[in-house]
Every structure is written in structure tokens, then in C-alpha cells.
Amino acid sequence: MNMNTKNYFDEMRIDNKTIRDIYQRYQHWQNQLPIGALERKSAEAELLFRRLGITFAVYGESTGSERLIPFDVVPRIFSASEWNRLERGIKQRVKALNAFLHDIYHEREIIKAGIIGKEQVLGNVLYCQKMQGVDLPNQVYAHIAGIDLVRVAEDDFYVLEDNLRTPSGVSYMLENRKTMMRLFPELFASHAIEPVEHYPQMLFDTLRESAPAGVSDPVIVVMTPGSYNSAYFEHAFLASQMGVELVEGQDLFVHDKKVYMHTTEGAQQVHVIYRRVDDDFLDPLVFRPDSTLGVPGLIDAYCHGNVSLANGVGTGVADDKSTYLFVPDMIKFYLGEEPLLSNVPTWRLSLRDDLKYVLEHLPELVVKEVQGSGGYGMLVGPTSSKKEIEAYKQRILSDPANFIAQPTLALSTCPTLVETGVAPRHVDLRPFVLSGKEVRLVPGGLTRVALSEGSLIVNSSQGGGTKDTWVLEN
Amino acid sequence: MLSRTVENLFWMARHIERAENTARVLDVAHRTSLLPLDIEGTEAYLWYAPLNITGCAAGYERKYGLAKADTVTYYLALDPDNPSSIYTCLKMARENARAVRSAITSEMWEIINATWLELNRVSAQMEYEKFPDFFDWVKDRSHLFRGVTLGTILKDISLSFIKLGTFLERADNTARILDVKYHILLNENDSVGSAADYYQWGSLLKSVSAFEAYRKIYRDVISPLRVAELLILRDDMPRSLHACMNEVESALIDINGSAGKEARRCAGEQHAALHFGRIDDVFTQGLHEYLTDFLGHMDSLGKNIRDAYLSRRDHFDNLPIRRVVQSQQQITT
Chain A
1 MNMNTKNYFD EMRIDNKTIR DIYQRYQHWQ NQLPIGALER KSAEAELLFR RLGITFAVYG
61 ESTGSERLIP FDVVPRIFSA SEWNRLERGI KQRVKALNAF LHDIYHEREI IKAGIIGKEQ
121 VLGNVLYCQK MQGVDLPNQV YAHIAGIDLV RVAEDDFYVL EDNLRTPSGV SYMLENRKTM
181 MRLFPELFAS HAIEPVEHYP QMLFDTLRES APAGVSDPVI VVMTPGSYNS AYFEHAFLAS
241 QMGVELVEGQ DLFVHDKKVY MHTTEGAQQV HVIYRRVDDD FLDPLVFRPD STLGVPGLID
301 AYCHGNVSLA NGVGTGVADD KSTYLFVPDM IKFYLGEEPL LSNVPTWRLS LRDDLKYVLE
361 HLPELVVKEV QGSGGYGMLV GPTSSKKEIE AYKQRILSDP ANFIAQPTLA LSTCPTLVET
421 GVAPRHVDLR PFVLSGKEVR LVPGGLTRVA LSEGSLIVNS SQGGGTKDTW VLEN
Chain B
475 MLSRTVENLF WMARHIERAE NTARVLDVAH RTSLLPLDIE GTEAYLWYAP LNITGCAAGY
535 ERKYGLAKAD TVTYYLALDP DNPSSIYTCL KMARENARAV RSAITSEMWE IINATWLELN
595 RVSAQMEYEK FPDFFDWVKD RSHLFRGVTL GTILKDISLS FIKLGTFLER ADNTARILDV
655 KYHILLNEND SVGSAADYYQ WGSLLKSVSA FEAYRKIYRD VISPLRVAEL LILRDDMPRS
715 LHACMNEVES ALIDINGSAG KEARRCAGEQ HAALHFGRID DVFTQGLHEY LTDFLGHMDS
775 LGKNIRDAYL SRRDHFDNLP IRRVVQSQQQ ITT
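Just so you know, the protein sequences line up as chains A and B, in that order. Numbering of the first sequence is given in our numbering, commencing with residue 1 and proceeding in unit increments. Numbering of the second sequence is given in our numbering, commencing with residue 475 and proceeding in unit increments.
Possibly wrong hints are sitting among the right ones.
[To be verified] Here are the simulated DSSO-like pairs of lysine-lysine, each with C-alpha atoms no more than 30 Å apart in a straight line: (1) B:Lys680 <-> B:Lys604; (2) B:Lys565 <-> A:Lys178; (3) B:Lys680 <-> B:Lys690; (4) A:Lys356 <-> A:Lys386; (5) A:Lys112 <-> A:Lys437; (6) A:Lys112 <-> A:Lys95; (7) B:Lys542 <-> A:Lys178; (8) B:Lys604 <-> A:Lys258; (9) B:Lys542 <-> B:Lys613.
[What the hints assert, rightly or not] Sample of chain A residues with no beta-carbon within 10 Å of chain B, all distances over it, derived: (10) Ala153; (11) Val222; (12) Ala239; (13) Pro400.
Rather than coming from a laboratory, the hints here were simulated on the basis of the structure. Here the structure is a predicted model, which is why all the values come from computation and not from measurement. Cβ coordinates follow ideal geometry from the N, Cα and C atoms, glycine included.
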């Protein structure tokens with residue numbers, strides 16, 4: 001397959017001579033920069049990030065190693081009308097996903113209606129029996145959702161996946177903006193860019209609305225697995241931006257089905273926990289007994305409605321890559337609307353015909369584990385060697401139902417500063433969607449960019465970088 | 475405030491103060507080593523003092539044996555194996571700060587983080603001649619951190635715990651310097667007012683930035699009694715025991731909380747003893763005995779603070795408002 005980037009939709013250039021409208025002013029500005037100016041700003045940005053300690057830990061490397069996520073100084077730009085369309089589609093999708101979660105943990109109407117198989121839901125390892133019949137405030141399960149979008153043409157966007165467990169990256173969205181404003185104040189003077197800085201306030205409002213019934217002034221905390229977690233910076237960042245305590249499991253305890261934190265004043269009750277700890281580690285009495293990150297009795301307190309967890313427990317069943325297939329049907333079923341955003345066509349390898357087709361076309365396809373995340377354990381056919389494909393084939397055959405396959409999408413490209421200058425690189429977009437009494441999001445999101453030429457993998461764990469994402473005001 | 479948070483704030487401040495104090499002690503040892511030998515004694519003799527003050531003698535001897543200028547300097551300044559080295563202290567301070575990033579201001583974090591990054595850069599290629607500059611740098615970073623802290627942090631109990639860590643550590647250090655140096659000095663010199671005396675007492679005073687203050691206050695030859703008075707009882711001398719206990723006591727009063735009664739009592743008692751103490755009585759008791767007692771009290775004060783605020787236990791006896799819960803329905807799951 002030809003990996004020449006010219007075959008992809010370029011978000012800045014229509015052809016060698018023509019710049020898309022929304023990038024024209026930017027390009028004009030860039031053309032007037034002295035040689036090496038962008039590179040100098042880029043080095044300055046790296047220094048800023050390093051000094052601020054905006055780092056993440058990479059799993060599998062020696063403990064305590066901290067790396068920067070590369071930040072690209074060229075912004076990605078959306079027009080107001082492009083964003084409006086996306087925003088409606090994203091909100092619709094998240095509403096349907098929350099309705100689905102409420103339904104499967106209550107009446108299971110969607111199963112009764114024959115739209116999704118019983119086995120698909122109840123047989124899913126991420127389905128949480130404990131949550132059956134538990135009522136949550138506002139019937140919201142995924143308070144914070146990250147919807148990964150890719151673009152393949154001017155008007156064609158696809159949802160790549162839904163992240164309903166503990167989606168991360170929002171701190172980069174905010175820090176990228178702050179850094180851009182510091183490096184290029186003149187760009188912000190010449191462009192009307194929708195602000196994103198109020199995200200922490202929106203998150204706080206969402207969490208406050210999600211408090212247990214009858215609690216008007218809830219005590220809210222952010223719960224982190226600890227300072228060695230790869231996203232620790234973000235946990236600390238969000239806690240300080242919201243002005244709430246950042247707690248670890250060891251700071252909390254449960255008494256009489258209520259959750260308290262150890263403070264210098266004694267015990268203080270906690271009402272809402274924005275937890276960045278996976279379900280499995282939340283409560284050693286219910287989930288993994290060896291977990292030292294969690295709080296014994298937390299789930300009991302949660303199920304009794306004395307504390308709210310954001311996100312709720314058991315949301316994984318809805319963002320699983322095999323459930324993903326049914327999201328368009330959920331939108332029709334729960335909202336009675338046509339989906340505004342499309343899914344990527346997907347083959348389920350548990351189906352015989354699909355499996356057969358996929359095995360025959362592996363070099364063209366992307367294959368993922370159903371429950372995988374972060375770009376780990378996937379096969380990108382076109383960029384893999386015969387040997388890698390063969391090895392992956394054996395993995396598929398050992399448990400076909402654990403995999404799905406998708407066509408290799410022609411991800412759009414954005415101009416990006418690389419060693420050879422500014423060149424197109426593939427990007428995706430993760431907007432962060434907040435659901436409380438209403439669904440909210442700030443314009444834009446986190447744009448991730450695959451820095452090596454031709455690469456389609458944007459995950460930070462796989463060497464991807466990030467960009468500031470602009471939505472221009474009308 | 476979370477117990478774990480204040481624990482980290484407390485230790486963050488202590489580690490930075492300790493790094494500064496170690497830099498001060500080493501700086502003075504370096505200056506003294508430039509004096510003629512007959513004033514200070516042998517090299518080993520001179521370089522045991524910093525080891526004793528920082529409580530690192532045993533660890534050092536295991537690794538290097540006899541005290542020598544370059545190895546002692548390295549061990550106390552940069553050795554990652556030494557749990558009290560400047561390197562380790564600044565590393566720990568950053569770990570503490572990282573654990574409570576949301577509780578300190580971003581400016582504070584940046585100072586600590588930048589210090590750590592810079593430390594790693596300079597320590598990789600440190601030449602012996604550069605150490606005096608390094609000690610100045612450590613002191614500068616500590617001053618900068620203190621300034622940024624006072625200039626940016628909300629004046630709530632987090633600041634009180636930072637002060638608590640700083641001044642407990644400082645009191646501890648001043649007491650140790652005085653104790654160790656005093657021993658050396660008394661053994662060596664009978665001739666009060668000699669040149670050697672001037673330099674030796676002078677170096678002690680310089681290590682706690684008190685030389686100029688001494689000249690200003692006493693305008694006279696340096697005498698052990700006055701040095702002790704300055705560093706123990708004068709409350710206008712920023713590194714004296716009295717000044718430190720002023721801060722410790724007021725921090726504990728600001729922190730308040732029903733759990734801290736014993737810590738407040740203990741600090742108040744020490745503070746009162748310094749406030750009303752007379753230097754003649756200190757010498758009647760014996761300076762070494764007096765300082766040993768003082769360090770013992772500091773130790774138990776530290777324990778009281780830990781028990782009252784830093785440890786995590788179920789403080790159910792002092793829950794502010796505890797609603798009476800009526801019959802709880804068991805939900806079957």
C-alpha cells in the first residue's frame with residue numbers, strides 16, 4: 001500500500017497552491033516568520049513543559065522515569081460550523097451511551113427489543129453484576145467521556161472509539177492552550193478562538209450536580225492511584241484547578257456505609273469522588289482483593305447512594321470495542337434520532353464470515369483487542385512486516401472473539417513541525433464530554449498527532465504528540 | 475486538610491531546610507580548611523565536624539573510612555547513597571512536592587522541580603573547586619523557595635505545616651552545630667581571645683549567618699558564652715533556638731485542632747524555657763547537657779505532631795457533626 005501522505009485529506013491544503021479558508025490567516029502569519037522561528041518556539045515550549053513537570057510515566061520502563069509528551073506548535077483549526085456538527089453528534093452519542101448503561105443495569109429494554117444480544121451484555125467481562133438495580137443521580141454513568149474521532153474527508157468524520165472509564169488527556173488540552181498563548185500571543189489577537197480554559201469549572205459543576213440526593217454542598221475529591229501513575233500530573237492538575245483535595249485510597253475509609261477522608265481536623269465525609277482508579281482496584285472487598293489502591297467498603301457505600309463515583313462503576317461494558325458496533329442502534333433506540341456521527345465499519349471476528357474475510361485481508365486492516373486500550377496490542381496491517389502479521393494471526397486464531405478489525409482509515413493530516421520542517425502528519429481528536437444534569441463540552445479537545453511519517457498511531461504511549469486545537473468563532 | 479497532604483508539606487519543607495543547612499555546614503568547613511593548619515588541626519579532625527553535625531559519620535566511615543576533604547564533601551553534598559545528602563534531600567523534597575502538587579502553588583512546584591533538574595545537571599560534572607559555588611546555589615534555591623512560598627501560598631494551615639517543618643529542622647540543626655562545634659572548640663583552645671579562637675568561633679557564626687549579627691550586637695571579642703546566648707536565647711537572631719521555637723509555637727497555635735493538645739503543650743513549654751531562660755543557667759547545667767535535652771524535646775515534639783496530624787487514623791471521636799442514621803435498609807446485591 002502506498003503510504004504517501006498525499007492520498008490523505010490534508011486539513012490545511014487543498015493542493016499545493018490552495019490553503020483551506022480557516023488556515024489562511026495562520027499560513028500567512030507563518031510565511032512571515034524568520035527562518036528557524038518555529039523551531040526556537042518549539043524548544044521554548046519543551047522547556048516550559050519540562051519545568052512545569054508536565055510529564056507522564058511510560059509503563060515498562062524503569063520506575064520513576066518521566067517523559068514529556070511531544071507538543072507540536074502548529075495548531076489544528078476547525079471552523080465554527082464544522083465544530084457545531086461535531087458537537088451535536090458527540091452529545092447525541094454520549095446521551096445514548098448513558099441511556100444504554102442505565103438500561104442494562106435496570107430493565108434491559110434494549111435486550112428485550114432484540115437490538116443487542118443478552119450474551120453481548122451480560123456475558124461481557126466488563127458487565128458489573130453489582131450495579132444491577134443501583135440508581136445513580138441523573139441516571140448518568142459516564143460523567144466524563146472521551147470520544148475519539150478521526151476525519152477522512154472534508155465532511156467525513158468517524159468515531160474510532162468511546163472512552164467511558166477514565167479517559168485522560170484533558171490537562172494536555174488545557175496546558176497546550178496555555179503554552180500557545182504564551183508563545184504566540186499575536187495569533188490569539190488575530191484569530192477569534194473559542195476558549196477552553198473553563199473546563200475545570202465545567203467539570204466541577206458536573207461533579208456537584210452528580211452528588212447524592214439531598215446533598216446541596218457536596219465535598220468533592222479527585223482520587224488518584226498515586227504519584228507513580230502515568231496520568232498523575234493530570235490528576236493533580238484537575239484537583240488544584242477545581243480547588244478540591246487530591247486523595248489516594250489510603251486517605252479514605254468507610255464507616256457506616258459512608259466515605260470519609262483523614263484530615264488534620266479528623267474525619268470528613270466525602271460525597272463525590274472523581275476517581276481516576278480503574279474499577280478493578282476501587283474496593284478490595286468487591287474487586288481485586290490484592291488492590292492497595294482502593295478503599296474497603298467503597299462499593300457498598302456507593303451502592304447505598306451515600307457517595308457518587310465519577311465515572312460510575314461498570315461503564316466498561318459500553319465502551320468495549322464489541323459493544324461499539326451497537327452504538328448507532330442505541331441512538332435510534334433511546335433517542336429516536338438518526339446518528340450524526342458514523343462508526344468505522346467493523347468486522348467482529350467472533351463471526352465466522354468476518355473472521356474468514358479478515359484473515360485473508362490482514363495486510364490491509366487494523367486489528368484490535370476488544371478490551372484493549374492505549375494503542376497496545378494492535379496490528380496495523382499496512383505498516384507491519386509479514387512476520388508480525390503471521391504472529392498476530394496466531395494470536396487471533398487462539399481467541400477470535402477477543403478481536404475486531406477495521407479498514408485502515410485514511411486519517412486526515414495536519415501540518416506539523418518535524419525535523420525536516422513543517423510537514424503533514426496524521427491526527428485524531430478527543431473531545432471531553434461532561435454529563436451531569438446536562439451534557440457539556442468545551443469547543444475542541446485534544447488533538448493527537450502521529451509524529452513519524454506515515455504512522456497512523458497517535459497514542460502518546462506509542463510516541464504520538466499533541467497539538468492545540470482551535471475552534472474559530474463565527 | 476488531608477493528613478497525607480500536610481505530611482508531605484511538612485517533609486517537603488524539612489528536606490529543603492536540611493539541604494540548606496548541610497550546604498552551610500559544608501561551606502564553613504571549606505572556608506576553614508583554607509586557614510593554616512595550626513589553627514584548625516588535622517584534615518580528618520576538621521572534616522569530622524560536618525559528619526557529626528549532620529549525623530552522617532557512621533555511614534561515611536563504612537563507605538570511605540577516614541574523613542577527607544573531597545570524600546566528605548561528596549558524601550554530604552551529592553552522594554545518592556547518603557540518605558541525608560543535599561542531593562537526597564532535594565530529591566525527597568521534590569517527591570513530597572509532587573505528591574501534593576495540587577496543594578502547593580505552581581510557582582512553588584516550579585522552583586522545586588527546576589532545582590531538581592538543575593541539580594542533576596550540575597552534579598554530573600562537579601569539580602571539587604566548584605563546590606563553594608554549589609553551596610551558594612543550594613542556599614539561594616532555599617531562599618528562593620521560601621520567598622516564593624510566602625509570596626504565593628494561601629495563608630492557611632498548609633503554610634503553617636510548611637513553617638513547622640522548616641523551623642523544627644532549623645532548630646535541630648542549630649542545636650547540633652553548636653553542640654558539635656562547642657566540643658571541638660573547648661577541647662582545643664584555652665586561650666580565649668586568641669586568633670585561632672576568633673576564626674573558629676567566627677566560622678561557627680558564619681555557618682548560621684550570625685557573624686555579622688554578633689559584631690553588631692556585641693561589638694567585642696567572640697566569647698563562647700555570647701555565641702551560645704546569641705544562638706540559643708536571642709529571639710531576634712533568625713536561626714536561634716528561640717526564634718525557631720517562636721515560629722513553631724505560633725504555627726501550632728494556627729493549626730489548632732483538638733488532636734494537637736500535647737504538641738502545643740510541648741512546644742509551649744520549650745518556647746517558655748527559651749523565652750525566660752538565662753545563659754548562666756545553661757552553662758551551669760552544661761551546654762552539652764542542655765542541648766542534648768533540647769534535641770530530646772524536639773524529638774518528642776516531632777512525634778506528637780506526627781501522632782496528632784500526620785498519621786491517618788479514624789478520628790471518630792471528634793467528627794464535627796455526626797448525623798444519627800436511622801434504620802439502614804440492606805440492599806440485596
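Going down the list of hints, with the structure as the test:
1. Straight-line distance between C-alpha atoms of Lys680 (chain B) and Lys604 (chain B) comes to about 20 Å, which keeps the hinted pair within the 30 Å bound.
2. Proposed proximity of Lys565 (chain B) and Lys178 (chain A) is supported: the alpha carbons are some 28 Å apart, at most 30 Å.
3. Distance check on the hinted pair: Lys680 (chain B) and Lys690 (chain B) sit about 14 Å apart at the alpha-carbon level, within 30 Å; holds.
4. Only pairs whose Cα atoms come within 30 Å are accepted, and Lys356 (chain A) paired with Lys386 (chain A) is accepted, the gap being roughly 18 Å.
5. Restraint check: the Cα-Cα separation between Lys112 (chain A) and Lys437 (chain A) comes to about 28 Å, which is no more than 30 Å; the hinted pair holds.
6. With a CA separation close to 20 Å, the supplied pair Lys112 (chain A) and Lys95 (chain A) stays within the 30 Å bound.
7. Our distance criterion of 30 Å between C-alpha atoms is broken by Lys542 (chain B) and Lys178 (chain A), whose separation comes to about 51 Å.
8. A threshold of 30 Å between alpha carbons decides the hint, and for Lys604 (chain B) with Lys258 (chain A) the separation of about 58 Å lies outside it, so the pair is violated.
9. Taken as a hint, the Lys542 (chain B) and Lys613 (chain B) pair is honoured in the structure, with Cα atoms around 23 Å apart against an allowance of 30 Å.
10. The Cβ of Ala153 (chain A) sits about 41 Å from the closest Cβ of chain B, beyond the 10 Å cut-off, so the non-interface label holds.
11. At roughly 8 Å, the least C-beta separation between Val222 (chain A) and chain B is not larger than 10 Å, which violates its mark as non-interface.
12. Distance check on Ala239 (chain A): its Cβ comes as close as 4 Å (rounded) to a Cβ of chain B, failing to clear the 10 Å threshold; non-interface status is violated.
13. Against the 10 Å criterion, Pro400 (chain A) stays outside the reach of chain B, whose nearest CB is about 34 Å from its own CB.
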